[in-house]
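The opening residue of the sequence shown carries number 1 in UniProt numbering; numbering runs sequentially from there.
Hints were generated in silico from the structure; no laboratory data involved. Incorrect hints may appear among the rest.
Quick list of in silico lysine-lysine cross-link-like pairs, DSS-like style, CA-CA up to 30 Å [what the hints assert, rightly or not]:
1. K230 - K212
2. K328 - K368
3. K216 - K230
4. K230 - K267
5. K216 - K267
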Amino acid sequence: MRVALHNSPPDPDGVAEPVPQDTGNASALATLQRLDQEFARILDIPADTSTAAEELGQAGDTGAVAAEPIFVTRPFLPPFEEFEPLLRLIWQTRILTNGGPFHQELEARLRGHLGVPQVALFNNATTALMVALRSLDLSGEVITTPYSFVATSHALLWSGLTPVFVDVDPRTLNLDPARIEAAITPRTTAILPVHCYGHPCDVEAIDAIARKHGLKVIYDAAHAFGVRHKGRSVLNDGDLSVLSFHATKVFNTFEGGAIICADPVHKDRIDKLKNFGHDGETSVIEVGLNGKMSEMNAALGLVQLNHVDANRVRRCAVDAAYRTGLRKVRGVRCLEDAGEDTANYAYFPILLGPDYPISRDALNEALKREGIHSRRYFYPLISDYPMYRTFPSAQRENLPVAAAAADNVLCLPIYPDLDEVVVARIIQRIANP
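Please model the entire structure based on the sequences and the hints provided.
In structure tokens:
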């Protein structure tokens, strides 16, 4: 990805008109070079300031242009002309935040789209998860998975709670219900499972354990937008579910998140907690924080909802192509779904076995050399990070399935407009390492 200063059409003879060499132009070049280097850092690709120079007419013929890198995901953005009228309304009204009209409309639209009773929007999912924990008045220990993005456990530590790690099911890589009860102590107050890669946990087994021991259940559903299981949204299970609308998710609002809850009383408390604990203009009744979603993000969400179903169909096609192409490749296991009625195809993880010719890391590097940026997701385990590794439950010998998955998983590129030719090239490269 490179930053362009202008986008003028070429002249009829195909020769770029020289750009005057002035001080302002030199300053622009320096800015572009810095931006180019920053994008390179963010995207983990070599910086190439020649592109910036060429945009300013200060570079000669550089020959063929390299193929655009393929990343593990690429955010979907709707046509700008669909978004622009909503932006103009924001400029006209100057309502930017604090539960404005777009915020309220998006909550209502999401309730209908997802089939859930209450939606509370947030600026991001990590803040939403922290508020979800706070709204249940938890203390002590919370049983959770080591196989997730680190935000899952960070929210626990930020909330003064102690994560207790339990191994995952080898088929789904979700929290294994068979191992939960052995981890329950008198200090346990809740269970925090993750619908990993958008595939549902064994919600019936987990909820049964929670009822038996009087525990709360909060589902980290960051990956599970639109997923349905046994005729209903997976977001209706447990006491609360937390969604992510981060740029990499199947439904994004640039940044954002939401808490799904069952009743308006609980939502009212959540809304107060995300607004500093305010109850009216002059009354503060709780120690809250600022987790509100802006009108800009909510407006994007309203437009995105018009495309999310079509995008799911295109993701499904990419998923099917990978499964067909990799079915007979020795040493490659494509993670199956968990029996959901409606999947969202958020990720495409493969697990490499001992009979695959090269290691996971070697394959990852080989793909990267060809401009294909897969991701070791999730690696390392949360429990391997320094702030967690001293916990008794974090020892790898207690988490053999999760540890093996972290050491062998590779998520392949998947997004709605991923070209089928690129998918075929990725399959071919994996089949012939």
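Going through the numbered hints above, which ones does this structure break? Give me the numbers in ascending order.
none
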